[in-house]
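Let chain A serve as the given structure and place chain B with the ligands on it in line with the hints.
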Amino acid sequence: MLLLENIIEVNHLGMKYHSLNGEITALQHIDFAVKKGEFVCVVGPSGCGKSTLLSMIAGLLPPTSGQILIEGIPVTGASSKVGYMLQKDYLFEWRTILENILLGLEIRKTLSSKSRTYAIELLRTYGLYDFEDKYPQQLSGGMRQRAALIRTLAVQPEILLLDEAFSALDYQTRLVVSEDIYGIIKQENKTAILVTHDIAESISMADRVIVLSRRPAVVKNIYEIQLTCEKRTPISSRNAAEFKLYFNQIWKELDVHV
Amino acid sequence: MFSASSPKNVTEEVSAEQKAYLAKIRLKRSVILLTQGSIIVVFFILWELLAGWGIIDAFLTSQPSRIYRTIMNLYQEGVLFAHIGITCLETILGFLLGTILGTIIAMLLWWSDFLAKVFEPYLVVLNSLPKIALAPIFIVWIGAGPSSIIVMALAISLIVTIMEVLNGFIAVDPDKVKLVQTFGANRWQTFIKVILPSSFPTIINALKINVGLSWVGVIVGEFLVSKAGIGYLIVYGGQVFQLDLVMASVLILAVAAAAMYKAVVYLEKFLVKW
Ligand SMILES: Nc1ncnc2c1ncn2[C@@H]1O[C@H](COP(=O)(O)OP(=O)(O)O)[C@@H](O)[C@H]1O
Ligand SMILES: [Mg+2]
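Here the protein sequences come in this chain order: A and B.
Under our numbering, think of the first position of the first sequence as 47, with each following residue one higher.
Under our numbering, think of the first position of the second sequence as 125, with each following residue one higher.
The shape of chain A in the complex, shown without the other chains (with noise of 0.2 Å):
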């Protein structure tokens, strides 16, 4: 796939959080960029600053220092270009699913036959149509992880952030959704940051594998994954030759104690 420009581009950003008991520097002086199309992955400890970073980057929460330009332009507030998934699915279980993956459209008033016709197709070509006037307590784990991906499709999004988007889930579920995931949004030709303190996983999924060190975080190094597999999947990703090593490197690197 062709790169072009890029679509993120992260600036010298930091982030301290104030409370009664003193001031907690989350992360800084973070500096990164991603192309259009590629799939990045952050890794970092518990409480190092990851969703911090993505809520950031969606325009929820403004940096303390340095800034996040998407398409060349400042976050300022929450941004049309970027979906967000959550490590729930956080279907409202007082909607159906269709009705869930129009909430977004509803939120931002762009909710037209055209719009709604696109969420349907996404509807149908991922497998829920029949399921459109559930409940989503009549789907399994993995079908409510897609509607979460279809609700975020829904308005066209050009960059997905995924916050742990599968920690959520068991173990077998897990690689299955990651993979189901992972292949939608191939299909779709999405950016995508996928935040998460799996490093298998990581590896996995990610062009570029971005570190981050314990807190206050900093960009510790930046691995460009190079796998050597006919047809790259998360699945097939885990047999490659190349796999353990990139995990031994960045499991060195995380430096994880008890």
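Incorrect hints may appear among the rest.
Partner residues are not named here, just some residues of chain A that face chain B (Cβ under 7 Å, in silico) [claimed, not checked]:
(1) Ala124
(2) Tyr136
(3) Trp140
(4) Ile153
Which chain A residues stay away from chain B? Per the calculated CB distances, all over 12 Å, these [unchecked claim]:
(5) Ser126
(6) Lys134
(7) Lys155
(8) Glu167
(9) Pro203
(10) Asp253
(11) Lys298
If you anchor each label on the Cβ, the simulated ranges turn out as follows [unchecked claim]:
(12) B:Glu201 - A:Gln183: 51 to 61 Å
(13) B:Ile156 - A:Arg162: 33 to 43 Å
(14) B:Glu141 - A:Glu139: 28 to 38 Å
(15) B:Ala147 - A:Lys180: 38 to 48 Å
(16) A:Glu152 - B:Ala268: 47 to 57 Å
(17) B:Asp297 - A:His58: 30 to 40 Å
I should point out that these hints are in silico values taken from the structure, not numbers from a laboratory.
For every residue, glycine included, the Cβ atom is placed at its ideal position computed from N, Cα and C.
Relative to chain A, chain B with the ligands alone:
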């Protein structure tokens, strides 16, 4: 050939063990129902007989047959349903107003953290105050009539509703809020799309509690204002030493209160479909 329907048939066929299990459950349920019914029947029969034999004083305890006659008399005088109607109306208005107003005030307090902080101590004090103490004030201000009684019912349920519902609003998962904010939701959209529907079960619960509280408010109000209603019949019966009337009214009250509670439970099933 394996037909596509064969696995389905297997699951639909109920095994002997499953049948036995279901039968056992059904039997247990019938026994419970039967026992419940017997208790009430035995209670009334004993009451009737003991009073008839003069073992207990029917003048003080009344008697089912006399209660029945009292109710029939009220009915023939054409006042039975008027009394029941006014009390039920006051109660329904009281708890609807309490729930709606309480929810609106809770919404304002959710909206403004400043207001919530400012009013917190006042709410705590008002919550611990026995609202019945306010009844004379309402009667003086509003007049001795149904309006005072409704305000009494409202006063009893309002503060509890505000606190319950506000807590419900605050307890909504912040990540659900984050989700709608990633779509650029403003505060009003956040409230309408997430906070309110998420808190629906809390609001229904407040409604259930408020039914009970409103009955207390209405009956106390009727005790004090005493012009019409079931509460009025009870007080009047007590004053003229007609225990038949008192017992009859209490019985009607029990049935009406239970019916209203059932109605709210039914409403919940109807509204909360997921
Ligand atoms: N709203 C907040 N107020 C104060 N501190 C916060 C807030 N949100 C996060 N933090 C702190 O910032 C640090 C980074 O949090 P987070 O971005 O959630 O980490 P991660 O997602 O990597 O686990 C944590 O130590 C956390 O305690
Ligand atoms: Mg996090």
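query: Broken hints, numbered, in rising order?
result: Numbers 5, 6, 7, 9, 13, 15, in rising order.
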